[in-house]
Amino acid sequence: MRSRLYPVFKYTVIALWACFVAGPFFWAMTTSFKDVNGVQGGATYLPWLQYEPTVIGWRNIFGGAGGVDVMQPFFNSAVVTLAASAISLVLGSLAAYALSRYRFKFGFIKNSDIVFFFVSQRIMPPVVLVIPFFYLLQWTGLLDTILGLVIVTVALLLPIAVWVMVDFFNGIPREIDEMAMLDGCGPFQTFVRAILPNSLPGLTVAAMFCAVFGWNDFFFAFRLTFTEVQTLPQAVVALNSSIPPWWTLSAAALFGVAPLILLALWVERYLSKGNLSGAVR
Amino acid sequence: MTQLDIVDVGHSYTPGSEEERWALKPLGLTFEAGKTYALVGPSGCGKTTLLNILSGLVRPSQGQVLFDGADVTALPTKARNIAQVFQFPVIYQSMTVYENLAFPLQCRRWDKARIDAKVHQVAEALDLDDRLRQPARRLTADDKQLISLGRGLVRDDVAAVLMDEPLTVIDPQLKHSLRRKIREITEQFRPTVIYVTHDQYEAMSIAQEVLVMKDGRAMQQGTPEQLFEAPSSTYVGYFIGSPAMNFLTVDRTHGNVTLGGRALAMAWDIPQSTSESQVGIRPEYVEVVTEPGPNTFPARLRDVRDHGPQRVFEMEVAGQLIRAKVPRENGIPALEEFLVHLPRAKALPYADGRLVLHS
Amino acid sequence: MRNGSYKGLVAAAIVVALTATACTGQDPVENKPDKPALFKPGSEISYSKYSKNYPKTKVKDVPGPCSYESISRKDYSGQTLKIISHAIPVIGEPTQLHAEQFEEITGANVEVINVPFGELHQKILTPLQAGQPAYDVMFYPSLWIGDMAPHLAPVPKKYLDTPGMKDVTKAYMDVATWDGKVVQYPVDGDRHYLKVRTDVLEDPKRQAAYKAATGKDLRTPRTWTEYQEIAAYFSGKDVDGDGKPNFGSAEVTKRDDLTFSAFISRAAPYVKHPDVEGGLFFDLESMKPLINTPGFVRALEDMVKAKSTWAPGGANFGLGDEILSFGGGQSVMSYSWDDAFIQAQQPDGTIRNKIGAAELPGSDEVYNRTTKAWDKKPNQAPYFTWGWTSAVAKAARNQNMAFDYLCFFSNEANTALDLTIGRFGVNPYRKAHFDADFWEQQGWDKDVAESYVRTLSGMESSTNRVFDLRVPGVNGYMSALANGVAAALAGQKAPQRALDDVAAEWERITDQIGKDKVRSAYRHVVALEDN
Amino acid sequence: MNLSATDLCLTVDGVDHLKQVTATFVPGRLHTVIGRTMAGKTTLLRVLAGLQAVDSGALTREGADFLKTPVWRRDTAMVYQQFINYPHLNVFDNVAFPLRRAGLSRNEIRRRVISSLARVGLADFERRKPSQLSGGQQQRVALARALARGTGILLLDEPLANLDYKLREQLRDEFRTLFSDQGDTVVIYTTTEPAEAMMLGDVVLVMHEGQILQIGSPQEVFERPATTTVASIINDPPMNIFTGRIESGQVTVAGFQATHVSAHLADLPDGVYQFGLRATDVSLASAGVEGEVTFVEISGSETFVHAAVGETPFVIQIEGIHDVALGDLVKLRLRPERLFAFDEEGSLVRTPSYDLAPVEGR
Amino acid sequence: MEALRRHKSMFLLPGLLTLALIIIFPLLFTIRVSFSGWNVSNPQLDFIGGANYATMLHDSRFWASIMRLVLLAGGTVLIQYVIGFGMALLVWREARGRRLWRVLFLVPMMTTPVVMAAIWQMIFHESLGPVNDLLGMLGLAEVPWLTESGPALVALMTVEVWQWTPFMFLLLLAGLLSLPKEPFMAAAIDGADAWRTFRKVTFPLMAPVSVAAIIIRLIEASKLSDSVYVLTSGGPGSSTETPGYYLYIQGLRDQQTGYSGAMSLTYLVLMIVTLTVVAALLARAFKLKGDS
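Chains as they are written, first to last, in the working numbering: chain A, 1 to 281; chain B, 1 to 359; chain C, 1 to 531; chain D, 1 to 362; chain E, 1 to 292.
Everything labelled a hint here was simulated from the structure, so no lab data went into it.
Watch out, some of these pointers could steer you wrong.
[Unchecked claim] Ranges of calculated distance between the beta carbons of each label pair, as one might list FRET restraints:
(1) B:A33 with D:R333: 48 to 56 Å
(2) B:A230 with D:R335: 28 to 36 Å
(3) A:L265 with C:K56: 40 to 48 Å
(4) E:L28 with C:K181: 33 to 41 Å
(5) D:R333 with B:R138: 43 to 51 Å
(6) D:Q257 with B:G261: 48 to 56 Å
[What the hints assert, rightly or not] Only part of the chain E face toward chain C is listed, based on derived beta-carbon distances under 10 Å:
(7) H7
(8) G37
(9) N39
(10) V40
(11) P43
(12) P144
(13) Y229
(14) V230
(15) T232
(16) S233
(17) G258
(18) Y259
Ideal Cβ placement from N, Cα and C applies to all residues, glycine included.
Using the sequences and the hints, build the whole thing.
See below:
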């Protein structure tokens, strides 16, 4: 097995997978510098050699006519994602802490059932939720507002936060809580001063998942807003017409996924430090 | 069983650097075939490095490791034919007890019947024969450690069994019985065993020979009795025995050893040239007496510690602290001042912290 | 303050900030007095200042209530107009462009959202039904009128009387009318017609070769049978010498795109009997679906047969693919909206001026549902399929502004420019547009321009017209039809079986919505068809 | 200021963790609770700290119901067997944590932290994180934190159990001085080691299976163990317990020749008794009853030889370290004058007397 | 901590109530609406009994989509698991530039599914996309990626594998990084080769992480619809339709709210039952029973 061929095999496999992973990005990148002539003649890859590059696609996403302006949607996405993630992390950590530390019993319902209740929300088909959400937000006057979208997004993210944090808190010795209480902290102070500061890896993972699922939500944002709160995925999809302008679509797509790619860099750093290992289990 | 020799082996994790810090200072040792050795010392003393060098996990920056005379320094773990028991019980979770024990033999492609016979033989010795069909992961920690040991023992040709603090995570109640079991098994199978521990008493209870290590240096190798009776350094005297050995600074005037101005008769001499001369004596050998005589010194009682069947007296003799271990039935002297007797044969000479036995 | 609690503060601050933003944004409606015009009457208008993408074409602002000059007198500053439109570019791009201009000249704040076709219907209708004033102006396919009408503000007389509106052809005014009221603002005229490569079909050498091979004349097909023969002949041949094979036909076949329109085009001559009245999709009396009658089945059989003449991927072509395939020169023939034709005629197009337009193919026989027999007679039935339309919601806060926007959108200058940009999806709908000179000015060859204008105006004068099923719930019907067609194309069901299932589904939908409700809506359509 | 427990009971999943525990803990004294693992020692401490609820019973402090007081108002400090510190805080902040919660002034906090770190010998480690310290140092930090507050109750749950032997020995010595001036603090210290309990405790409580078996001074408990169980708990190695009988002035125990009863047993009626004999009171001799060595352990400076006489196991404690091979045959001698006599239920009936009158050590 | 009963609700309730408030209403609403004839032209809560459920029973498109989902989700999650595990093993320990690989391999899961599906749609475009172009260069025939049911399913699975293998990769890599060293040393000492070490050590040790990762992915995959929506719109025919997409068509695009409510609930119950059973089966398959 560990023959001299093994490294060749190993790096070949890694390289192949890397090509597959990077392929769509490469394609989007090269397409974003094309125009209709660069697209119509069939697949081309290399600028100058195979097609004449233009920045029209990129210009179009920053307010050029025939494109979309991505800046406002970017801001909306950022606010919704950050706010919903923050709320989910706060509420999720609190709930997860309770579920990790205390025993609950309401009739036949026990801790594991409550955790399951949280996590099971992820099984809900979005269609089940979106129509009622529409009326819910309408009654509260929150349709097409950032606040409304944040509330809905919290419903999507909270289960994730609870799921990650319960596991993580279970890994923190209870003695730390006890010690903090003995040291004069009430339950809330115990949580804030003794447990949270030691939960950074868990919070990081939870925050990452929240960011991923919050930022990438299209389904709900699309259906619960009209004109005021356009998020980035909506802006990209607005280009998915019967005659899609591939170049603009590619540029918008790359712009839309870029922030979270930076997140990947950050996650990897934590991973390499070994901090996340205990948190993702 | 195999004899293990290490020849001038030393290891530094930062070789060649300005301040070369030795995790293990160069040394030579011989581990005879079929004997049980313990490496003992506080954390960071180099015992784990030495173990890793033997197992092949660490390649020493200098020296040679010989297994029955063959140089294995460059060989990886797999090729050294050793067995190892780790701190945390390591078993193959997905397998039964039987499969765990059979695993090393399957890797060696033994035939079924031979594996079966061997596994049963070892399992019987380990008292696991009634649980062979159980999933190994359901066993208690101590039984898991036995399986680890067993995986080494099934291999007839195993060069050595290395044990790295195997009792660390064992419940205190069970430590005792597992220690006993390990001892029994090693007596029965007689592999060459290298046992690493930080607990000196565990080392002495298990091993025929103990190697005390400190700061990457081998301090003393010997039987438990040797370590107790004649510690080669003040450190070993401190490290072995509870309470630790007493060390009293003595003066040397005209070839005579004196303590607080009184002559101290000894069976050995202390060389002239030393800067610090000490006499070491175990608290067990310090006697509280009422009648003056040779080697008696006035003492003042500072404190008494009740250990139950014995009491430890903390006394001041010639301005120095000295402890004596006294049977409970002897009671406590009513007087504040009394005499202690230091038997001539038990008072050992130390020069600059090392035992010097010149008669 | 040590770490730990500041995070909570940040979160709290965000919530407060969000609540604050959520509670603002409702502008009061106020009608400000007019301001001075920004344009002189008859100024030259061009889009070139907005993007290099736009042609340099200049047109004159035609004086009138919707002109640049008139609209620029309005002062809508401080007011917000919310618009929903289709994705960019088709109709979405002109919506945005004219919104930007409207902002510039009136001071209004215009917000436009563009959504993909599949989403448009529910995205508009859900808030309308829920009574949520989400959008003031909506652009959508005209056939949804049955669903939308109850929520739409009728076009005020003021706008009906504009010269532009008066010039809209009868067919498109009919399309915009519901229950006697004009509730949709015409901005586009759509129909299906045939587009062919004249450089291929009219090439004498090829004509000779074709004659030799099939014994028939090569010409612009008059029937679907001829269409199939020609398409089959050219499929796989490299007709333009670019080293890649060409194909016979490009059609919209993607299920959730506009397949139903393509199918109706193919079915029209088989099912629209000039002498039979009382409904094409349903028997108006019984409301029994006719979709599984032999005429429709024949059309579906044709379409399944046609698969062999499609380019790779042709069985999942959306409108965009069809446009690229014909407009890019890959397919020799195509039938659908104008877009492919205009796209092919773009200044940098590869097959510019090598194409021609014609009526949709007809048939040699037509099914008579009253006699249940095929009548042997040549038949043509132009299909006025849906086009883009626009409307103002009843709930719009400032209806004047909304209608002014639409009036501006469709003023003569804008329409003239929009017509020339293929991807905009704006096609002739006024009598003035059926003018070959205008197209020749855009650089079209005379015969191309003439065939185009002839085809379009010819359809207007036909008496055997087919319209969309413009009833409430039309999407349900069309989606069921598309499913049936797709199932047959994918080979999952035989055509007859597929359409039987569609008919059953249609009956179910009708029952669900209410037979009378559907009938009263369908009556309007039948009235148009039966003249 | 007494802390009094009355009839504390706690059963979890059918297992008694506390069974009618009644005890009074007095300020200024150090109480050691000795018992084997799972004896209920830790549970008792957790109940006193308020970390664990009980099924029944009362706990009062200064006459007030202490059970109703939440943990954070109990004025209690606790040191765990595992070295528990706040991983995210450095040594200084760890020790300062409870002081900050108590709202002391900056200067006062600084003063107290410095002095208590000095007391545990960690003066130069203020800026280190707990993870950068050795086990012993971590435990010292925990100790410093507990001491710095000067709480009314100080609980130590086997604080030395997880330390190296030498460190244990050293800290145990230090504890004597560390706890000697605790003023009005109630100190409770649990341990499994008799020597530790004896050496540190003013009062020793012996626990077994959730029950308190005996409370008394170290000497009392050691010299007058109330039952065979106490006797084996308070001795290391555990006291040899075996059945024997007294018959017409002769004592017979398993495998040994009958001997004359010694004076302290003389007045006992004939019958079957359980006898206890400390390992130190059995010796290896050139003549005596033969036993087979089953195991040899070395602890401290002593060798424990386990030998079986017939079916009866004996532990013999020999001073110093000796090589005794497994399976050797050795000769055992008992010291009859050292026999503890218990009745058949295990209650103490006679203790051997010591030659010298016992004297308090301090 | 049991002494603190009074305080525990304080922690749990904000989150629990928030979620319950946000979730319970939609659930009740959906249950109610499933017994109504709410549709595009009749948007109200009348009562039509179980008619929607009766229709559903005969809706072969719905049941076919469920069977297809089982296949798709099962298949893609399995492929994701195998590739994710494989890649995690390759860049776990020593690998040149492993940090670069790790970042790269994580990136797809960070991207927006609808957005990337739009890119994939170009990639699979039969005449203008690179896939057929590259196949052509290799001398292979062009594949009608999105127009024939077989290739369309392959395309869909490719996108899913691309998007979510990184998720598996992340969980499994984190799992691998937290494994103790000793079992591997033990295996080396016992003389096990690489394959045996993987089978007997790595794989069993990773069992808990594996089960968790697979279940989470199955939960998410059960909602598969975004990429179907953009990529194939369920076509050709209905050959790539998943329940998520079919529900979207019925419930949102065609606004058959009542009917889609009935299907949603049925689907939800089926998913919960299936996933529970699968979780139990996996746990047994990985021999997790009896351990924590």
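- [ ] State the violated hints by number, sorted upward, taking the hints as numbered earlier in the document.
- [x] 1 and 7
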